[in-house]
Every structure is written in C-alpha cells, then in structure tokens.
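So the sequences go chain by chain: W and F. Using our numbering, read the first sequence as starting at 3 and increasing by one per residue. Using our numbering, read the second sequence as starting at 14 and increasing by one per residue.
Quick caveat, the hints were computed from the structure, so don't treat them as lab data. None of the values given here were measured: they were computed from a predicted structure. Check the hints yourself; a few may be wrong.
Using 30 Å as the maximum straight-line C-alpha spacing, the simulated BS3-like pairs for lysine-lysine come out as follows [unchecked claim]:
| hint | chain 1 | residue 1 | chain 2 | residue 2 |
| --- | --- | --- | --- | --- |
| 1 | W | Lys227 | F | Lys88 |
| 2 | W | Lys65 | F | Lys254 |
| 3 | F | Lys53 | W | Lys40 |
| 4 | W | Lys220 | F | Lys254 |
| 5 | F | Lys254 | W | Lys40 |
| 6 | W | Lys43 | F | Lys254 |
| 7 | F | Lys254 | W | Lys183 |
| 8 | F | Lys48 | F | Lys88 |
| 9 | W | Lys220 | W | Lys241 |
| 10 | F | Lys192 | W | Lys43 |
| 11 | W | Lys40 | W | Lys65 |
| 12 | F | Lys88 | W | Lys43 |
| 13 | W | Lys40 | F | Lys156 |
This is what each chain is made of:
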Amino acid sequence: ALPISANYTAWHYLRRCIKDTGVDVRQELQYVEKLALKNPKNYQVWFHRRRLVELLGDATQEKEFTAACIEADSKNYHAWSHRQWAVRTFGLWDGELAYTQDLLRQDPRNNSAWNHRFFVLTASEGKLSESDIESEVEFAFSHIRRAPNNESPWNYVQGVALRGERGLETLRSAVEALAEKFPACRFAQALLGEILSKEDSDESMARAQELFLNLATKTDTIREKYWRFCAHKLGERGKE
Amino acid sequence: LRCLTAERCGCRLYADGTMDGAPFVREKHREFILKQDAEKGTFEYEMSEFLRISGMYWGISALEIMQNRDNDRDKELIDFVLSCQHEDGSFGGSVDHDGHLLYTLSAVQVLAILDALDRIDADRVAHYVASLQQPDGSFAGDKWGEIDTRFSYCALLCLTILDRKNFIDVPACVEFVIKCHNFDGGFGCVPGAESHGGQIFCCVGALALTSQLSRIDPDRLGWWLAERQTSGGGLNGRPEKLPDVCYSWWVLSSLAMIGRVHWIDRDALVRYILACQDQDDGGIADRPGDMADIFHTFFGCAGLSLLGYEGMARIDPVLALPVEVVQRLGIPRMYPEI
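So here's chain W without its partners, still in its complex pose (with noise of 0.2 Å):
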C-alpha cells in the first residue's frame, strides 16, 4: 500500500475542494477511516477527519471509529487524542470508564487507556469524591496485583490518591503488603518510600532512606543515581 502524504499542502486543497464542490462528506469520512487504519501515525488524517467532523456537527461515529483504530493499534497516540477530543467536544462521557475498563482488562500495560480513564474521570473539575477515590484505588491495585511490574497503574493511583484529601497517605497499608508481596517490584518499594519520607517519625524516614539505598544497589540499579539523590534528600532533610 502507498503510505500517504504527509503534506500539509495537499490536505488543505483536499479540504477545499470538499467544501467548494459539495462533496457527501459523510462519504468522505468512510474513505479517511480506510485511510487512518492504514497510516495511522500521519498527523494530517487525523486532523483531516476533525475538520469533517467539525464540519457534519456529528461525532456519532467516532467513538467506533478511534476504537478500530485502538484495536490495531492500542496506544495510537493520535486516536486516543482524538477520542478525547471527540468525547470532551460532544460532551460523550457516557461508557467511557467501561471502555478503559474493557481494553485494561486485555492488556494492563496499556499507558493510553489508563491516561484516557484519569482523563474521564477528573473531566469534572475539584476534587474526586471518597469513594470515588476509593474505587479507583482498588481498580489500579487489582492490576497491580496481577502485574506488579507494570508502571501505568502505579503512576495512576498516586495520581488519583493526591486528588483526595488525604493524598498518598490513603495508599500506605495497601503498598506496604505489596512490597512485601512482591520484593523485586521496585515500583512498589519507590512508593512506599516516598510516602514514609512525608511522615514526620525518625522511624520512617530510616526506613525510606533504606528502601531508597536498597533500590539503588539491588531492585533498580539502572537509576541507581536517582535513588542515591532521594536518600541523599532524606538524609538533608532529617539534619535540618
């Protein structure tokens, strides 16, 4: 297949040629589909299918269309952006978190959904409710627990934990008994650290300092760097 023009140009004239002669634009929109399956990381597609959208006042069809797109690709950047642009535009909130849910389920590595279900889920502004809070907490540890090495779910539920009042706090029993499940996972060793560095006992800023230095020389040696500078800070931190 001939990959498509990425040409600013060409696309523009397309465009007016639509409007000008009275093209079905409907027609048009089932000829880009083909088009975005096929070249799926061409900016002009996607934008092209915006402006006919746009110009229908129709996004009836885009949620089935970007989830074609998610099914050959999953974490399409430019599909998940459009969906995004379509739900927040045309107000398609409805089965949204069902969505992710679905595609998380097939795969919980997939980065993409669990942004688009943060993206849903604070689409209201102020913070998320307590059980709402709670809930999605629960939802992230219960992938975590099947795959506690997968970083997504673990930057998500610190995400939503800090939307609460009582920030990652809420998240100090549950990532304790992970550590302690899983003591290769560093992803859970980095956050217990970072939440027992924001308590104020010696006792749990010793015990930060050792998870850190214990990432640095065993669990995560690669960013070994990185994990001497929060000891280091701790260790500032607990002279002061």
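Since chain W is already given, all that's left is putting chain F on it; use the hints.
Only chain F this time, still in chain W's reference frame:
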C-alpha cells in the same frame, strides 16, 4: 545485556557478560547524510519532499555535531531555504509548499547554523509566528488550526533565535503549556493528553525559553523521565513501550534542561545508541538492526553529544542548536551546566 543483533551492529560481547559499545562510524554517517541528497527521483525522496527543509536541519546539525561538515555547499543550501519562503514570512517544507510553523522553525535553525539570518526579514517571520497564537495562548501549526504543544515550542524557539519573543503573548503561551501538565508529572499535546517524551521536550523547552521552569517539580518530572530507560539501556517515550533512539534526544534533553541528565545510566544508553548504527552503510536507526534514516541519525548524534561522547560537539538542549552557534548568536544559556 544480550545484544540480539551483535553481528550487524558491531557490539562486542565478552564471556563475563560485559559489552563494549560498537565503534562510532563517523565517516560512514557522513557519507550516509550526504547521500540523502543524491537519492533524487527515488520514491522515498519524493514522498518526503514536504519536509525537505527539516531534513536539511537534521542532516546539517548531525554533521555539525560530528564536527564533520564542509561548508562548500552553503550558498546552495541557503538559496534553497530562502526559496521556500512566502510573502507572509512563513516557510514551507520545500519549494511551493504552503507555510507551516514546523518548517519555518527548521528554516530559521538552518539559517542560524549557516550564519545567514541576515538574509531574512525577522519582523516578517515573527509576524507570521505571532499570527498563529490562539486566544487561549496555544499555537496552531498553520492557518488550518491544528493545536499542539509542539507548536508552542516551535513558536518560542523561532522567536528566541530571532530575538522577537515580544511579538507574542508569552504569559498566555506559558499558561497553555502548564494546562498540559499531567498527573504523572509529564506533558501531552493538549490538556489531558497522555504524557509523551516528545511532547515533554516541547513543553519543558517552552518553559526553559521563558524562564518558567520553576512552575514544575523537577524531581517528579526527572523521575518520570529516568523511568524511560529500559533494561537494554535505550529510552522509550511512554511507560511500557519499546525504546527508540529519538528519545535519546527528547527525553535526555528534557533531563538536561532540568539538570538531571545524570539520572540516566550513561554507559548503558551510549551502548544502545551505538548499537543502532548501520556499521556497513552508515546512519542510525530507531532500534538495533532496523533501517537507518536521517531523523534518527540526528537524534542519535544529539543524544551522544549530551552524554559527552568523545569527539561530539556540544548541543544546546533548549535550542537544539550547536552551542557554538548559540554563542555566536549571543543567546544566553537557559539550562544548568551539564
């Protein structure tokens, strides 16, 4: 560390499991870059016409970093760049291609390297760039309105080189970038979009260019960036994705801008980049064993430069120009000493 393509990429594996990086085949890379232009008439050449001017920037910059560039063709290169300009001050990717911010930036960067900025009307270019700013502070790539934080960076960088940042609403530009700051410490293309190495480079670059790096927590972002290093030494652009040489620039320069390059395992990344070379025909690919291209050749060289690899000229992580050029332009350093 097992280099699966040990034969082709030239890495030397030892019995005790240690590995030497492959030799850096500077001359072959030079030949590879110069050869790009001779491919006129090939399908790849024609299909990439729309970004020819960016291709020039990647090729010229790579040669400059490798300290391997002759200036005998400079007049021809400058004339080509100028022939891509339009009345409104914009530059297209090639002759008779519509203007776009991406190619306007590449043009200005190339002219800066070739010391030919005096050949353009800086006010006219700056007016074009300013015309792309939106009410919410964001930038479109061209008059057709695609919004992306890439374009915020392109606008600011272009105007910094031309010393005309005052043509735009800088605080509004910064606020839009800050809106793209995500829960994991990274940045996406628009608010809410997934954190991505390339987008982070653009956003951190934008904040560096406007002296607004204090708006972010460098430790948190630095950790997210350090997490991009995979066990093979290469960097990916997002969690749970494969490494790619281009992130040796996007992620590494971001770390450099916040003074945390040392959080990456330098030796492991150097070995990875060296393993991505094509030892036979020159050029650098995204991954060991893949086909080389000029885009990845530049980013591999730029990454090696930031890592202090021997024989590489220094590159400015904020401006993506050789430090020598930046000094000639009189632009102050906007990042901590590496």
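Structure-based check of each hint:
Of the pairs offered as hints, the one joining lysine 227(W) and lysine 88(F) is violated, with about 47 Å between alpha carbons and a cut-off of 30 Å exceeded. A distance of roughly 24 Å separates the Cα atoms of lysine 65(W) and lysine 254(F); the hinted pair therefore holds under the 30 Å criterion. The hinted pair formed by lysine 53(F) and lysine 40(W) meets the criterion: a straight-line CA distance of about 26 Å does not exceed 30 Å. Taking the CA atoms of lysine 220(W) and lysine 254(F), the gap is about 23 Å. The hint holds against a cut of 30 Å.
Between lysine 254(F) and lysine 40(W), the direct Cα distance comes to roughly 21 Å. Compliance with the 30 Å bound is thereby established for this hinted pair. Restraint check for lysine 43(W) and lysine 254(F): satisfied, since their Cα atoms lie roughly 16 Å apart, inside the 30 Å limit. The hinted pair formed by lysine 254(F) and lysine 183(W) meets the criterion: a straight-line CA distance of about 26 Å does not exceed 30 Å. Straight-line distance between C-alpha atoms of lysine 48(F) and lysine 88(F) comes to about 19 Å, which keeps the hinted pair within the 30 Å bound.
Our distance criterion of 30 Å between C-alpha atoms is met by lysine 220(W) and lysine 241(W), whose separation comes to about 26 Å. Simply put, lysine 192(F) and lysine 43(W) have alpha-carbon atoms about 25 Å apart, close enough for the 30 Å limit, and the pair holds. Of the supplied pair hints, the one linking lysine 40(W) and lysine 65(W) holds, its CA atoms being roughly 18 Å apart against a limit of 30 Å. Only pairs whose Cα atoms come within 30 Å are accepted, and lysine 88(F) paired with lysine 43(W) is rejected, the gap being roughly 35 Å.
With a C-alpha separation of about 27 Å, the suggested pair lysine 40(W) and lysine 156(F) falls inside the 30 Å cut-off, and the hint holds.
Hint check: violations occur at hints 1, 12; the rest are consistent with the structure.
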